[in-house]
Every structure is written in structure tokens, then in C-alpha cells.
Amino acid sequence: MKPSIVPLGDSAALIQLGETIHPSVNQRVRALAKRIEASAVNGLIETVPAYTTVLVQYDPLILSFAQLKNILQEKIDQTDESASRKPRLLEIPVRYGGAYGVDLETVARHLHLSVADIIRIHSAKIYTVYMMGFMPGYPYMGELDSALVMPRLETPRARVAAGTIAIAGSQTGIYSVESPGGWRLIGWTPLILFDSKSESPFLFSPGDEVKFFEER
Amino acid sequence: MSLEIIELAGLATIQDTGRAGWKKFGVSSSGAMDAFALRAANALIGNAPHCAAIEIGLGSAVFRATSDCVIAVAGVGFALSIYLWDLPLWGSYYVRAGWTIRLDKLDSGMWAYLALLGSVQTDPILGSASTNLRARFGGLDGRRLQAGDALKAAQPSRARSDLAARIVPASALPAYSDRPVLDVILGPQEEYFTPENIAMLMSQTYVMHPTSDRMGYRLEGSALTRNEKKELISEGMTMGAIQVPQNGQPIVMMADAPTTGGYPKIGTVASADLPLLAQCVPNKSAIRFRETTVEKAQKKYRDQITALEALARRWA
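Read top to bottom, the protein sequences are chains A and B.
Counted from 1, the first sequence has number 8 at position 8 by our numbering; the numbering is strictly sequential.
Counted from 1, the second sequence has number 235 at position 235 by our numbering; the numbering is strictly sequential.
In case anyone wonders, no lab produced these hints; they're calculated from the structure.
Heads up, some of the hints might be wrong.
Simulated pairs of lysine-lysine, DSSO-like, Cα-Cα distance not exceeding 30 Å [said to hold, decoys possible]:
| no. | chain 1 | residue 1 | chain 2 | residue 2 |
| --- | --- | --- | --- | --- |
| 1 | A | Lys211 | A | Lys69 |
| 2 | A | Lys34 | A | Lys86 |
| 3 | A | Lys211 | A | Lys34 |
| 4 | B | Lys230 | A | Lys69 |
| 5 | B | Lys105 | A | Lys2 |
| 6 | A | Lys125 | A | Lys69 |
| 7 | A | Lys2 | B | Lys284 |
| 8 | A | Lys86 | A | Lys2 |
| 9 | B | Lys105 | B | Lys296 |
| 10 | A | Lys69 | B | Lys296 |
| 11 | A | Lys69 | A | Lys34 |
| 12 | A | Lys86 | A | Lys125 |
| 13 | A | Lys197 | B | Lys152 |
| 14 | A | Lys69 | B | Lys152 |
| 15 | A | Lys125 | A | Lys34 |
| 16 | A | Lys2 | A | Lys34 |
| 17 | A | Lys197 | A | Lys69 |
| 18 | B | Lys300 | B | Lys284 |
| 19 | A | Lys69 | A | Lys2 |
| 20 | B | Lys284 | B | Lys296 |
| 21 | A | Lys211 | A | Lys197 |
| 22 | A | Lys125 | B | Lys105 |
| 23 | B | Lys105 | B | Lys152 |
| 24 | B | Lys105 | A | Lys69 |
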């Protein structure tokens with residue numbers, strides 16, 4: 001599709017680059033967000049890259065929507081130089097099941113697989129962080145093997161511990177801080193995903209590649 | 001310049017104009033629910049617009065000055081008294097050590113801002129003093145304020161009496177009301193709704209549900225029926241965005257809203273009118289929407305801020 005730039009209110013614009021979740025669309029989303037941020041135009045506040053869109057937040061006291069749209073159109077038209085850069089790979093130790101991965105057995109039963117199968121399939125693939133959202137440092141990763149696709153819980157849990165590994169639909173994620181949650185919980189990692197007082201507060205960045213390995 | 005909290009019935013947190021630059025990592029912007037009132041409170045005492053203040057909401061609060069202070073109080077829904085006097089909101093005041101500052105909650109309005117000359121001191125986190133209650137950081141240890149908390153000015157300076165005795169005239173205030181009409185810029189997902197639904201959004205009166213909070217204001221009216229059954233792919237959101245979940249009852253994203261969302265957005269409340277919405281009261285305010293354009297909304301917002309800046313220059 002031809003990229004579109006539309007207003008989201010009077011202080012944000014939404015750029016849409018595709019209509020389906022796809023690695024190449026998401027790659028273009030992240031590259032465009034980086035180009036926009038690098039341009040350091042006065043009045044640009046920040047970008048939020050998601051699966052198929054880039055949200056651009058701006059200061060309407062400095063830029064009008066028409067001015068912003070011209071700047072964004074230029075950025076869309078520029079050639080993408082970051083495409084060839086290889087993403088970094090993060091290896092995440094996981095304790096599957098146990099006190100945190102409380103849904104592991106239910107998931108196995110529901111999918112007619114053994115617990116060992118779930119662990120093997122979930123840790124076999126290299127995932128991409130398509131987007132971050134929900135809570136600080138929470139990575140939305142895909143695509144999950146189709147054998148593991150399950151809907152969210154009907155009633156979200158009031159409390160999920162930080163570090164809990166979860167799946168929902170074709171995505172997998174890790175709860176970055178203790179929060180409510182509706183995804184199915186299959187394991188836990190001791191890694192810290194968000195530390196507000198650290199110089200590098202976030203473990204993940206959009207575009208990272210992620211591989212899980214079982215830690216017993 | 002320092003204060004102590006003596007009593008607190010509602011929700012009080014430290015907020016500034018919000019946390020910018022971290023939404024891509026899932027960090028909400030937070031910040032003042034009524035950004036105009038915060039800006040006005042800062043302008044009254046010559047603070048920079050982004051300075052941190054105490055946001056007081058939902059219930060009454062009592063402070064005691066533990067040293068001489070210059071403060072400004074701006075907002076809607078409170079009766080202010082300092083020492084022996086009842087005083088208007090949207091004013092700056094000199095408070096002597098030992099005096100109490102009372103903010104008694106009234107029926108209308110929700111949020112008030114108590115600004116301290118030289119900004120309220122905090123350890124800024126990710127570039128902002130704002131409290132993020134959900135992720136428990138920012139402000140004072142990431143939590144709501146409570147009785148016994150001591151707050152002081154970030155830049156100690158002598159209390160200057162010449163900064164007190166200023167009032168923002170009513171003509172410079174947004175049209176705060178129990179029956180506000182809010183400008184809305186349609187889109188970006190208006191194709192998920194029928195033209196009848198959009199007409200309905202613009203004509204019916206909404207009531208705010210009591211489960212509304214700093215994350216989102218839940219509105220109740222006749223349900224909007226969505227045109228398309230397909231689900232939206234999650235995308236970035238902003239304060240003021242009107243999400244419509246399957247039940248057809250709009251949720252307006254507020255200061256603590258998540259950075260992304262997957263419900264279609266029928267429109268977004270104009271920046272100049274967000275303060276009017278922020279000050280609405282559950283089960284009481286009668287909220288209506290009116291269509292506007294981006295250009296008109298931006299002009300209205302610029303006019304609102306320019307008028308306040310002009311006042312600040314006159315005071316300086």
C-alpha cells in the first residue's frame with residue numbers, strides 16, 4: 001500500500017505503511033521512525049513505531065499538521081539505509097512452568113501437545129520485537145509457531161509478576177513490571193526488563209531478535 | 001520553601017507536563033490531567049511551564065508550610081483557604097511558615113495544582129518528575145502522596161512577596177463547565193463506524209462512568225455499533241484519543257493511557273478542550289462532542305496558550 005499520513009488529533013500524526021503484520025513492513029516502520037527522530041526538526045516530540053504504523057507526536061505551538069505532513073512525506077521518500085544493518089540477538093534464559101508459568105500445562109492440554117513439545121517449539125524460533133507497549137519495557141514478539149496459537153484469557157489476572165513469559169494469539173511477550181495481564185503464562189526469566197533508575201532502563205528495543213533457552 | 005501534607009482524602013501525585021521520548025519503549029507520558037491549570041499555576045509564580053507541581057484530585061487536602069512559601073493554586077473543584085482567609089483558585093499567594101493551606105473538594109471539577117516557587121523537588125526519571133503510578137516510578141518513589149510527606153522547592157530561593165497576589169482572569173480560562181461541549185477531530189479509524197454512528201457521537205450526551213481514572217475516561221451513552229468486525233492492529237495512541245471497544249461505549253485516553261492500543265479510534269478530543277474533559281465528574285457532567293478540523297483545533301490551542309503567555313509577560 002501507499003503510505004498514508006493522517007492526523008490523530010491536533011498534536012499527533014499516524015503514518016501507516018502496511019495493512020498486515022509482516023517482518024518487512026515492521027522493518028520499514030522502525031527505519032522510518034529512526035529517520036524521523038534523527039531529523040531533529042524543531043517541534044517534533046517523539047515517534048511510536050508499532051506493527052504497521054509510526055505515530056508522530058508533535059508540538060502544535062511550533063508545527064502545523066500541514067508542515068509536519070511535508071516533513072514526514074520527505075522522510076518516507078528517502079531511501080532506507082538502515083535496512084542492511086543486522087539486528088542484535090538477545091538470548092533469554094527461561095524456567096518453563098513452575099510457580100510463574102502457571103498456564104503451561106493447560107496450554108499443553110488445550111493444544112494436544114506435551115509440555116516438552118511446548119518448550120521445544122517456543123524456544124526453537126528466533127523472534128523479532130515488533131513493538132513495545134502496554135507497560136514500560138514490554139516487548140511484543142512474533143511470530144509464534146502456529147501450533148502454539150491460543151486466545152487470551154477471558155478474564156485477565158489482576159497480578160502477573162515481572163519476568164513472566166507469556167503467549168497470546170501469534171505473539172509472545174514478557175511482563176516487564178508487575179501488572180494485570182490477560183496472556184497465558186508459560187515461564188519466567190530472572191532478567192530485569194525495566195529499571196527506571198538504570199542508565200539503560202530497557203532490556204529490549206524495537207527490532208531486537210530474541211531467542212529463548214530453557215534453564216532448569 | 002517547604003510544605004508538609006497534613007491530610008489527604010483523594011489522589012495526590014507529583015506531575016509535570018509529562019514524560020516525552022520513551023513511548024516507543026512503552027512508557028506512558030503521564031503528566032498533569034489538566035495541563036492548562038498546571039501551566040497557569042507555574043506561570044503565576046514565574047516558574048517555567050514544565051515545572052513539577054502537586055496534583056490534587058478527587059478529594060480534599062490540607063498542607064502546612066514548614067517555611068515561608070510562595071505558591072500558586074489553579075484548577076477546578078476546590079475551595080481554597082490559607083490560614084484565616086478563603087481565597088480564589090487561579091491565584092498566587094505568600095504563605096508564612098506554620099500556616100495551613102486547605103483545599104476542600106466541591107461537587108464540580110476534579111483536579112487542582114499546587115505549584116511552589118522554584119518547582120517541587122524530585123529525582124527526575126526518564127527526563128520527567130511525573131509520577132507513573134502503574135509502573136511505580138517518578139514523582140515521590142513512584143507512589144501517591146500521603147499525609148506526613150514533606151515537599152520542598154527544587155531551587156531554594158527567598159520567598160518573594162511580589163510574586164504573590166496575581167490572579168488569572170476568568171476571560172483567560174478554558175470554558176470549564178458541568179455541560180462541556182468538546183471539539184473532536186474525526187479519525188483516523190472513522191471507517192470502522194457508520195455515518196449514523198458519527199452523527200450519534202456528535203449529538204448525544206455522555207455521562208462519565210465512575211471507573212474512569214488517570215488512564216482513561218469511560219463514557220456512557222447509546223452504544224455505537226461498529227461498521228467493520230475486523231480488529232485493528234495495535235498502534236500508537238495519544239491523550240484525547242477516543243477508543244471504541246466492542247461494547248460501543250467510548251473511552252477517552254487520558255494522561256496515564258497506555259502508549260499503544262488496539263481499539264479503533266473514532267476521533268480525538270482537541271488539546272484546547274482536554275482540560276474541560278479532565279475536570280468532568282463521574283455521574284454528573286453532561287458531555288457532548290462537536291466536530292472540528294485540525295487547523296481550527298490548533299488555532300484554538302495556540303490562542304489559549306498565547307493568552308496565558310501574555311499574562312505571564314505582564315507579571316514578569
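Now the hints, each set against the structure:
For the given pair, Lys211/A sits about 38 Å from Lys69/A by alpha-carbon distance, which is inconsistent with the 30 Å threshold. Distance restraint check for Lys34/A and Lys86/A: the Cα-Cα separation of roughly 15 Å lies within the 30 Å cut-off, and the hinted pair is therefore satisfied. Note on Lys211/A and Lys34/A: the hinted pairing holds, with a Cα-Cα distance of about 24 Å set against a maximum of 30 Å. Taken as a hint, the Lys230/B and Lys69/A pair is honoured in the structure, with Cα atoms around 28 Å apart against an allowance of 30 Å.
At roughly 52 Å between alpha-carbon atoms, Lys105/B and Lys2/A are farther apart than 30 Å, so this suggested pair is violated. Only pairs whose Cα atoms come within 30 Å are accepted, and Lys125/A paired with Lys69/A is rejected, the gap being roughly 39 Å. Restraint check: the Cα-Cα separation between Lys2/A and Lys284/B comes to about 46 Å, which exceeds 30 Å; the hinted pair is violated. For the suggested pair Lys86/A and Lys2/A, the alpha carbons sit about 26 Å apart, so the restraint of at most 30 Å is met.
A hinted pair counts as satisfied when its Cα atoms are at most 30 Å apart, and Lys105/B with Lys296/B does not qualify at roughly 34 Å. Only pairs whose Cα atoms come within 30 Å are accepted, and Lys69/A paired with Lys296/B is accepted, the gap being roughly 17 Å. Taking the CA atoms of Lys69/A and Lys34/A, the gap is near 17 Å; set against the 30 Å cutoff, the hint holds. In summary, the hint linking Lys86/A to Lys125/A is supported, as the alpha carbons are separated by about 17 Å, within the 30 Å threshold.
About 22 Å separates the Cα atoms of Lys197/A and Lys152/B, which keeps this hinted pair within 30 Å; it holds. Restraint check for Lys69/A and Lys152/B: the C-alpha separation of about 43 Å exceeds 30 Å, so the hint is violated. Of the supplied pair hints, the one linking Lys125/A and Lys34/A holds, its CA atoms being roughly 27 Å apart against a limit of 30 Å. Distance hint between Lys2/A and Lys34/A is fulfilled; the C-alpha atoms sit about 20 Å from each other, no more than 30 Å.
Between the alpha carbons of Lys197/A and Lys69/A the distance comes to roughly 36 Å, so the proposed pair goes past 30 Å and is violated. With a C-alpha separation of about 26 Å, the suggested pair Lys300/B and Lys284/B falls inside the 30 Å cut-off, and the hint holds. For the hint pairing Lys69/A with Lys2/A, the CA-to-CA distance comes to about 15 Å; that is within 30 Å, so the pair holds. Under the criterion of a C-alpha separation no larger than 30 Å, the hint pairing Lys284/B with Lys296/B is consistent with the structure, at around 29 Å.
A threshold of 30 Å between alpha carbons decides the hint, and for Lys211/A with Lys197/A the separation of about 26 Å falls inside it, so the pair holds. At most 30 Å may separate the alpha-carbon atoms for a hinted pair to count; Lys125/A and Lys105/B exceed this at roughly 56 Å. A distance of roughly 24 Å separates the Cα atoms of Lys105/B and Lys152/B; the hinted pair therefore holds under the 30 Å criterion. Distance restraint check for Lys105/B and Lys69/A: the Cα-Cα separation of roughly 44 Å exceeds the 30 Å cut-off, and the hinted pair is therefore not satisfied.
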